[in-house]
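Colleague: Given the sequences, and given the hints that come with them, work out the whole structure.
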Amino acid sequence: MKQIAVLLTAIALVGLGQTAQGATLVTWDFNDDNAVPDGLHANLASTNFLDGASLSNVVINDNAAARGWNPSGTAAAALAAGDYWTFTVTAAAGYVFDLDALSFDKWRGSMGPVSTQVYLGATLTGTAGTVTTSSTGYSTDLSSFTGLTSAQFFIVAWGASSNGVNANLFVDNVLLTGALREIDDGNGNGGGTDPNPVPEPGSMALLGLGGLGLAGWRRRKANAAKA
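Counting with my numbering, you get residues 3 to 229 for the letters of the sequence shown.
FYI, nobody ran anything at the bench for these hints, they're computed from the structure. Just so we're clear, the structure is a prediction, and the values are computed from it rather than from any experiment. Every residue gets a Cβ at the ideal spot worked out from N, C-alpha and C, and that includes glycine. Mixed in with the good hints there might be a few duds.
Unchecked claim - Cβ pair distances, simulated, as ranges:
hint, residue 1, residue 2, range
1, ASN168, GLY75, 16 to 26 Å
2, THR90, THR129, 31 to 41 Å
3, GLN154, THR76, 11 to 21 Å
4, VAL167, ALA44, 39 to 49 Å
5, ALA47, THR132, 10 to 20 Å
6, ASP64, ASP186, 36 to 46 Å
Modeller: Pasting the structure below:
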């Protein structure tokens, strides 16, 4: 029995390790040169990756690029001025979603914005990320936002020294992670878990090996009893 307990604990830890990372809710890699999501979770809808009202010279070509980030000097000023990229995700009827993180790569032209941050609705999240002329990743923790039916995100940027040719902000590999859950209808339906989990291949293999190990242990025990 002790061997079974150890084996089952190991299998459970594999499963927990996977769910803690969060599933892809929506993603853009812009490789198809448009603003349509490149990946979207079942039972979740999303707008395209949209530019704010003050942006100009918008180009979607392997990344999302735009000018118009000047003269905003703070995150709040950028949001108010329409200096942002934005998208909205909405759960299908009967579902809610919990958020994990929003991440993306960013870089700028020599005169482009020097800082970026993420708003979820009117709430400023995380800390400001520095934008340089080299591509660097940015991620903000959104795990405190749970049980949502819809959410609008704003990637704001500020601190550009002009709106000219070298003042672009470039964004790529936008990824929102979290989990989608069925709403409990009060009759025990909708257990609050992701209705469409997609285990990683490695986890499937480990779970399979765990099952084989348990079956093998049972066979050895049965053979020992017959001896």
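Colleague: Does each hint hold? Answer for all of them.
Modeller: Checked hints:
1. Range check, ASN168 to GLY75: Cβ separation about 19 Å, and the 16 to 26 Å hint holds.
2. As the Cβ distance of THR90 to THR129 is approximately 23 Å, the hint placing it in 31 to 41 Å is violated.
3. The given range of 11 to 21 Å is respected by GLN154 and THR76, whose C-beta atoms sit roughly 20 Å from each other.
4. Checking the proposed 39 to 49 Å range against VAL167 and ALA44 shows it holds: the Cβ atoms sit about 42 Å from each other.
5. For the pair ALA47 and THR132, the beta carbons lie near 33 Å from each other, so the given range of 10 to 20 Å is not met.
6. Take ASP64 and ASP186: their Cβ atoms lie about 43 Å apart, and the range 36 to 46 Å holds.
When held up to the earlier numbered hints, the structure conflicts with 2 and 5 and fits the remainder.
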